[in-house]
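**Student:** Residue numbers (my numbering), protein chains in the order written: chain B, 1 to 300; chain V, 301 to 600; chain R, 601 to 858; chain Y, 859 to 1116.
Simulated from the structure, these hints should not be mistaken for laboratory data.
Check the hints yourself; a few may be wrong.
Distance condition first, Cα-Cα at most 25 angstroms in a straight line; then the derived PhoX-like pairs of lysine-lysine [what the hints assert, rightly or not]: (1) Lys-808/R with Lys-782/R; (2) Lys-586/V with Lys-204/B; (3) Lys-576/V with Lys-204/B; (4) Lys-276/B with Lys-504/V; (5) Lys-306/V with Lys-586/V; (6) Lys-292/B with Lys-6/B; (7) Lys-921/Y with Lys-870/Y; (8) Lys-276/B with Lys-860/Y; (9) Lys-860/Y with Lys-1103/Y; (10) Lys-306/V with Lys-592/V; (11) Lys-729/R with Lys-704/R; (12) Lys-808/R with Lys-777/R; (13) Lys-856/R with Lys-504/V; (14) Lys-504/V with Lys-286/B; (15) Lys-602/R with Lys-576/V; (16) Lys-870/Y with Lys-1011/Y; (17) Lys-777/R with Lys-856/R; (18) Lys-987/Y with Lys-1011/Y; (19) Lys-592/V with Lys-204/B; (20) Lys-1040/Y with Lys-962/Y; (21) Lys-1114/Y with Lys-204/B; (22) Lys-292/B with Lys-504/V; (23) Lys-663/R with Lys-729/R.
Which chain Y residues stay away from chain B? Per the calculated CB distances, all over 12 angstroms, these [stated by the list, open to error]: (24) Ala-889; (25) Glu-920; (26) Thr-940; (27) Ser-945; (28) Asp-986; (29) Asn-988; (30) Lys-1011; (31) Asp-1021; (32) Ala-1024; (33) Arg-1027; (34) Lys-1035; (35) Leu-1042.
Beta-carbon label-pair distances, calculated as ranges [said to hold, decoys possible]: (36) Thr-304/V with His-134/B: 39 to 45 angstroms; (37) Ser-202/B with Asn-664/R: 42 to 48 angstroms; (38) Lys-808/R with Ser-502/V: 29 to 35 angstroms.
Glycine included, each C-beta is placed from N, C-alpha and C at the ideal position.
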Amino acid sequence: MDLTVKIRNKTLPNPVGVASGTFGYGEEYAQLTDLSALGALYTKALTVEPRPGNALPRLVETPAGMINSIGLANVGVERFLTEKIPYLETLTCPVILNVAGSTEEEYASVISRVDSQNAIWAYEVNISCPNVKHGGMAFGTDPVQVERLTKTLRKLTDKAIIMKLTPNVTDIALIAQAAEAGGADAISCINTVMGMVVDINSRKPAIPAISGGLSGPAIRPVGVAAVWRVSRVVTIPVIGLGGILTWEDAVQYLLAGADAIQIGTGNFVTPDASVKVLNGIISYMKEAGFQKIEDFHGHF
Amino acid sequence: MDLTVKIRNKTLPNPVGVASGTFGYGEEYAQLTDLSALGALYTKALTVEPRPGNALPRLVETPAGMINSIGLANVGVERFLTEKIPYLETLTCPVILNVAGSTEEEYASVISRVDSQNAIWAYEVNISCPNVKHGGMAFGTDPVQVERLTKTLRKLTDKAIIMKLTPNVTDIALIAQAAEAGGADAISCINTVMGMVVDINSRKPAIPAISGGLSGPAIRPVGVAAVWRVSRVVTIPVIGLGGILTWEDAVQYLLAGADAIQIGTGNFVTPDASVKVLNGIISYMKEAGFQKIEDFHGHF
Amino acid sequence: MKNFGSSILNQKEIAIGYREMTISWPQSLEAPLPGQFLTVKVTENPAPLLRRPFALSGFDREKNTASLIYQLRGPATRLMATLEINSSIEVLSPLGNNFTLPEKDETPLLVAGGIGLGPVLYLARELDKNGFSPRLVVGGRTESFLPDLSNLKNGSIHYCSDDGSAGFRGTAVDYLKSLDWKELPSARLYSCGPQGMLNACHNLALEKNIPSEVSMEQMMACGVGACMGCAIEVIGPEQYARVCKEGPVFDSRRIKWT
Amino acid sequence: MKNFGSSILNQKEIAIGYREMTISWPQSLEAPLPGQFLTVKVTENPAPLLRRPFALSGFDREKNTASLIYQLRGPATRLMATLEINSSIEVLSPLGNNFTLPEKDETPLLVAGGIGLGPVLYLARELDKNGFSPRLVVGGRTESFLPDLSNLKNGSIHYCSDDGSAGFRGTAVDYLKSLDWKELPSARLYSCGPQGMLNACHNLALEKNIPSEVSMEQMMACGVGACMGCAIEVIGPEQYARVCKEGPVFDSRRIKWT
Ligand SMILES: Cc1cc2nc3c(=O)[nH]c(=O)nc-3n(C[C@H](O)[C@H](O)[C@H](O)COP(=O)(O)OP(=O)(O)OC[C@H]3O[C@@H](n4cnc5c(N)ncnc54)[C@H](O)[C@@H]3O)c2cc1C
Ligand SMILES: Cc1cc2nc3c(=O)[nH]c(=O)nc-3n(C[C@H](O)[C@H](O)[C@H](O)COP(=O)(O)OP(=O)(O)OC[C@H]3O[C@@H](n4cnc5c(N)ncnc54)[C@H](O)[C@@H]3O)c2cc1C
Ligand SMILES: Cc1cc2nc3c(=O)[nH]c(=O)nc-3n(C[C@H](O)[C@H](O)[C@H](O)COP(=O)(O)O)c2cc1C
Ligand SMILES: Cc1cc2nc3c(=O)[nH]c(=O)nc-3n(C[C@H](O)[C@H](O)[C@H](O)COP(=O)(O)O)c2cc1C
Ligand code: FES
Ligand code: FES
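Only chain B is shown next, with the shape it has when bound in the complex:
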C-alpha cells in the first residue's frame, strides 16, 4: 500500500498532517503522540516581526466547535530561526511552515529569510490575513490578489508553495483556480469560518475581537464541500481540513477529492488523533482494496 502524497517534487510519507496553530511546533505534543508518524506538521503562522497575539479571552466554545481569536501570535522570523529551528531540525516528519503577513512584502520577506533552512519542507501560505494595503479585506477573498501573491512567492523559493484558502468567500473554486494559475503546488482548505458568540451576561462579545474563527466538527460539512468544489477545478493536490476528529471524517475528505488532510481542533480533543486517523485510513484502504491515495477519488 502506497500512502505517499506527491507535492511539487517531493512526497509526504502519508496523508495525515496536523494543522497550523493547533500543534505549536510539535514539541508540546511530543510526549502524547508519535511525531515521526506525522504525514506533515504545519507550524503556527510565522510573520516577519514578532506578534503578541490578540486581546483576551481568545477562545469560546460553540456547539460542536470553538471560536479562536489567537491572532498571529508568534515569535517573528528572527527568534524563529534561533529558538524554533533547532527543535524542528530534530524532527523526521516533513515540517511545513505556515506563513502570514499584512502585505505581500511581508509574506515575501518571511520566505526569503528562512528559505535556506533544510528543516522547512514547504510553505503553507495563510491568506486569511487582512491585506492592510487593500482596505483590510483578507487576501484570500480576491482572486486577483491571490494569483499575484502566489506568483510573487513562487519566484522566491524552490520549495513547494501551498495556498491555504479561507471558506469565507462566495466561490472558493475561483480562488483555488487563481492560486493554481499563480503557480501554487497545492491547496489547503479550509481555514476557519467567521463566527461570533455574545456573552449574554456581560452583553459583550465573548472575545474582544468580536468575531473570530470557527473550527471543529461543526464546520466539517463546510470543509468537505469546499474540498469537493476545489478538487473539481484544479489539477494540483488538495489538502482538506476542517472538523476532522476521527478517521471516518478523514475518509470523507479523501473521498470528496482531498489528497491529504490535516487535523486541527481534533488534536485538542484527542492528542494522538493523527495516529488514530492514519491507522483508520489504512484499515479502510485495506478493506476497500485501495492501493494508493488516488483510489479514494472518482467514486462519484
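Keeping the supplied structure of chain B fixed, place chains V, R and Y with the ligands upon it in accordance with the hints.
**Tutor:** Just chains V, R and Y with the ligands, lined up with the frame of chain B:
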C-alpha cells in the same frame, strides 16, 4: 414591556418567528405549540409552479447540525391559494410568505398572484435560489442582482418585503446594503450554509444533490456574526436566524443587532421552542430592565 | 399527539444488540396504534441533534405504559442504553399512521426483520387479543439475533435464520413461500424490516394476490410532516409521500420499489 | 504527561453543587504535584467539544488514585456528575506547573474560594504531611458552600462566610487581615479562587511583603501549550503567558491585575 417589532407600516406582536421550511404552514405544529403566540410564521418557499422537491434521501445529520436537500418542494401558487390559504386565514399570528423562483419574473409572478390575500402579512424573499438566467449562481451572491430583484418586487406590493440573505458570500454586509438600496423593508439572515457529507460505506455523497444546506446549532456563530455585520450597515430591521435552540441563543442574536429572530431546525428538536424562547426573552428583559426590543442594541 | 416528559420504567437487552424500553404514557394522551411511532430527544446537548424515531412495540392502557424495541446503532441509541430506570426522556407521540386491521376471515401474516420487530410485534399482540390468529415470522441472520418473544394466545411465532441455527433455515420470505398457500385463501401481509425484505414481501403479495402493508423508514427531522425531509417515492399523482405523515405504513403497491 | 483511560473509583457531593471524584492513575505515570491539573474528555459526542481542565485535589501514590473537586456549572460537569462508579473517562495529566514549596521557617497561608478549593486542599495536605503547619482559609458565601474537610495533623482550617453563617464573618482575605501579623514574620501566601480573591491576596502580600502565588484560570483548548488560547497578561518582556504551560501557578507579582 413592548415586544413589538415594526416592519414597514405594521408591527409584529413579538420578535419570535418560526423559519421557512421548518414549520410547514403551521398546521402540522398546531397540536404541539401555541400558534397564536408566534411573532410570525414564515411559510415554506412558494414558487409559481408546483415542485416535487429533490431526490432522496434529503437529510443527513452533522455534528450539532443537519444538512437538508429538500429543494423547493411546494404545491405551487394555484394549489397554495386553494389548499393552504384557507388554513392560513384561520391563524391569528402574522403569516409571512417565503417566495422563491429561478428568474426575476418567477418571483414577481408569485407575489402578483397572491398579493390580494389578506392572510399574507409580508413576503420573505429567498434569494439563495440559483438564477438560471445568470449561470446558476444564487441571486443572493451578487449585490447588483439583489438590488434589482428587490426593486422589481418592491413595486408590486404594498406589503413588506423582507430579503433573506445567504451566508455563502464574501461580504454579506454588501448584499444587505444592496437589498436596502432596492427598497427592502427588512433583512432576514441567515439561510443555510453550504455543506456536504460523504457516506464512507457507499462512497457516495449522503444526498444525491451532493451538497446541501447546513442548519442548526453548528451554524449559530455564523448567523450571529452575519447579523452583527449586517446590522452595522443597514437602517432597516434585521431578523436573525441560524441555530437558535434556546432563549439564550435568541438573546445572543438580539444583542448582536437583530430586531427579531426565527427558529428553524430548533422546532424539530423542541416542537414548542418558539414559546419557550419567547418566555425566556421576556424574563431576560425583565431582569435586565429592558422595556423594548431596541434596548438589546448598542451594548458594544 | 403530544410532546411529553416520560419516565423510563424498564429497559433490558432482548437479543444481542437489541433492547426493549418501557416508558410511562400520559393518561390524557390517546393510545398509539400498531404501526405508529414516537420520536425521542436523547440529550440536551446539541449532538446528536435530531430526535430519533422508534416504532411502538407495545402499549398497556391499564398501566399507561408504552414500549419500544431498539437496536444499538449509533450515538443516540448508545445514549439511550445508558439511561437508568426512573430517569426521564422527552417523547413526541403518537406519530404517523397505523396498520389497517384485517378482514374477519383473513389470516394475518406478519413479517419482521431487525429493527422492524417492534411494530410487527405490537400488531401481532393486538390482533391476537382481538381474536385473530396472526402468524408472526421473525427473521434474523443467526439465532443470537432472535429475541425470545412472549407466546401468543391464538397466533404463532416462527423463527427463521439465514444459517439455520434457529427455526427455519432461510429468510422470512422463504418461510412464507414454503407454506401451504391452499390453506391460506385469504391472507393479508404486514411487514417491517430491511428494504430488501419489504420488497420481497411486496413481490410475494403480488404473486399471491393478497393485500400487503409495509412500514417504511427514512431519515426524519420534524417527524410531524412539516419539513418534507422524510419523503419516499410513491406511485400516484404526487411523486413523493412523507413517511412521518402519510406513513410509515403504506400499501406496498403504492411504493416505487427500486 | 499522558493521555490515559481512567476508572472512576468514587464520586460524591461534598457541598451543595460541589462534587469530589476519585479516579485511577496509571502506575507508570509521574505523580501530579499540588497546583497541577488534568483535562477530561467528557463525551465521545462532539458537544461539549473541548476537554475540561480541573486541578488535582489529592493524590495517593500507594493506591495510585487521584482526586478532583468540581462544581456543577454547565454541560461537561453535568455529564461528569452522571458517570457511575467503574465507568471510565479519558484524562490528560499531569499538566502545568505547581506551587513552590515554602522555606523551612515559613508559615504557609492557603486561601481557597469556590472551585479553587481543590488545588489548595491538595497543597495543604502535602505541606501538612511534610511537617509544615499550613493555615487553610476557605471562603464561601454561606455555610452551605463550605465542604467538610478532613482535619490536618499540624495545620488548621478556618472557615469564612460572607454572611457569618459559619466561622468567620467576611471574606477569606478579611480573615487573613484580622490575624496577628506580628506572630507571622515569614509567611507565604497561596491562593486559588475567584479573580477578585486572588487580586486581594496579591495586594495583601504586597502590603505584608511576603511571597505569594496564585493559581489562575483561563479558557483552554489544548491544555499543553500548543494553541496560545489560554494566554493571560503578565508583566515582563513577553506580554502574555500561557496558563496551561507557564501556569496555572504564578508569582502574583507577575500578573497584570486589571
Ligand atoms: C418510522 C421509523 C420507525 C423506526 N422504528 C425503529 C424501531 O422500532 N427500532 C429501532 O431500533 N429503530 C427504529 N428506527 C430507526 C431508528 O430511528 C434509528 O436506528 C436511530 O435513529 C439510530 O440512531 P443512532 O444515533 O443510534 O444511530 P446513527 O448512527 O445516527 O444512525 C444509524 C442509522 O439510523 C438511521 N437514522 C438516524 N437518525 C435518524 C432519524 N433522525 N430519522 C430516521 N432515521 C434515522 C439512519 O438510517 C442511520 O444511518 C425507525 C426509524 C423510522 C423512520
Ligand atoms: C487550570 C484550571 C483548573 C481548574 N480547576 C477546576 C477545579 O478544580 N474545579 C472546578 O470545578 N473547576 C475548575 N476549573 C474550571 C473548569 O474547567 C470549568 O468549571 C469547567 O470547564 C466547566 O465546564 P462545563 O461544561 O460544566 O460548564 P460551561 O458552561 O461550559 O462553562 C462554565 C465556565 O467554565 C469555564 N470553562 C468552560 N470550558 C472551559 C475550558 N475548556 N477551559 C477552561 N475553562 C473552561 C468558563 O469560564 C465557563 O464560563 C479549572 C479551570 C482551569 C483553567
Ligand atoms: C487555535 C487555533 C489557531 C490557529 N492558527 C492558525 C494559524 O496560525 N495559521 C493558519 O493558517 N490557520 C490557523 N488555524 C486554522 C487551522 O489550521 C484550521 O484551518 C482550522 O482550525 C480548521 O480545522 P479544524 O476544524 O480541524 O481545526 C488555527 C486554528 C485554531 C483552532
Ligand atoms: C428542512 C429545511 C427546509 C428549509 N426550507 C427553506 C425554504 O423553503 N425557504 C427558505 O428561505 N429557507 C428554508 N430553510 C432555511 C431555514 O429557514 C433557515 O434559514 C436555516 O435553516 C437556518 O436556521 P436554523 O439553523 O434555525 O434552521 C430550510 C431549512 C430546513 C432545515
Ligand atoms: S420528517 Fe419532516 S416531513 Fe417527515
Ligand atoms: S490551552 Fe492551548 S496553549 Fe494553553
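**Student:** Now look at each hint and say whether the structure bears it out.
**Tutor:** Hint check results:
1. Lys-808/R with Lys-782/R: holds (10 angstroms)
2. Lys-586/V with Lys-204/B: holds (19 angstroms)
3. Lys-576/V with Lys-204/B: holds (24 angstroms)
4. Lys-276/B with Lys-504/V: Holds: Lys-276/B and Lys-504/V sit about 24 angstroms apart, inside 25 angstroms.
5. Lys-306/V with Lys-586/V: With a Cα-Cα distance of about 21 angstroms, the restraint between Lys-306/V and Lys-586/V holds, given a limit of 25 angstroms.
6. Lys-292/B with Lys-6/B: OK: Lys-292/B and Lys-6/B at ~11 angstroms, within 25 angstroms.
7. Lys-921/Y with Lys-870/Y: holds (19 angstroms)
8. Lys-276/B with Lys-860/Y: Satisfied, since the Cα-Cα distance of roughly 16 angstroms is no more than 25 angstroms.
9. Lys-860/Y with Lys-1103/Y: Measuring from Cα to Cα gives roughly 15 angstroms; hence the hint holds.
10. Lys-306/V with Lys-592/V: Within the cut-off at roughly 11 angstroms; holds.
11. Lys-729/R with Lys-704/R: holds (14 angstroms)
12. Lys-808/R with Lys-777/R: holds (10 angstroms)
13. Lys-856/R with Lys-504/V: Answer holds: Lys-856/R to Lys-504/V is near 22 angstroms, not above 25 angstroms.
14. Lys-504/V with Lys-286/B: holds (19 angstroms)
15. Lys-602/R with Lys-576/V: holds (16 angstroms)
16. Lys-870/Y with Lys-1011/Y: Between Lys-870/Y and Lys-1011/Y the Cα gap is close to 24 angstroms, so the pair holds against 25 angstroms.
17. Lys-777/R with Lys-856/R: holds (23 angstroms)
18. Lys-987/Y with Lys-1011/Y: Roughly 8 angstroms between the alpha carbons, so the hint for Lys-987/Y and Lys-1011/Y holds.
19. Lys-592/V with Lys-204/B: holds (19 angstroms)
20. Lys-1040/Y with Lys-962/Y: This hinted pair holds, its Cα atoms lying about 18 angstroms apart.
21. Lys-1114/Y with Lys-204/B: holds (22 angstroms)
22. Lys-292/B with Lys-504/V: At roughly 19 angstroms apart (the allowed maximum being 25 angstroms), Lys-504/V and Lys-292/B satisfy the hint.
23. Lys-663/R with Lys-729/R: holds (17 angstroms)
24. Ala-889: Consistent with the label, Ala-889/Y stays out of reach of chain B, its closest Cβ about 16 angstroms off (over 12 angstroms).
25. Glu-920: Holds: least Cβ distance 25 angstroms, greater than 12 angstroms.
26. Thr-940: Label holds. Min Cβ-Cβ 20 angstroms, cutoff 12 angstroms.
27. Ser-945: With a cut-off of 12 angstroms, Ser-945/Y remains clear of chain B, as the shortest Cβ separation is near 19 angstroms.
28. Asp-986: holds (31 angstroms)
29. Asn-988: holds (28 angstroms)
30. Lys-1011: holds (36 angstroms)
31. Asp-1021: Given that every Cβ of chain B is farther than 12 angstroms from that of Asp-1021/Y, nearest at about 24 angstroms, it holds.
32. Ala-1024: Ala-1024/Y is indeed farther than 12 angstroms from all Cβ atoms of chain B, at 28 angstroms.
33. Arg-1027: Answer for Arg-1027/Y: holds, closest chain B Cβ roughly 28 angstroms.
34. Lys-1035: At about 30 angstroms from chain B, Lys-1035/Y clears the 12 angstroms cut-off, so the statement holds.
35. Leu-1042: The assertion about Leu-1042/Y holds, with a minimum of 35 angstroms to chain B.
36. Thr-304/V with His-134/B: 39 to 45 angstroms: About 43 angstroms separates the Cβ atoms of Thr-304/V and His-134/B, which means 39 to 45 angstroms holds.
37. Ser-202/B with Asn-664/R: 42 to 48 angstroms: holds (47 angstroms)
38. Lys-808/R with Ser-502/V: 29 to 35 angstroms: Holds, since Lys-808/R and Ser-502/V (Cβ atoms, about 33 angstroms apart) stay within the stated range.
Of the numbered hints stated above, none is contradicted by the structure.
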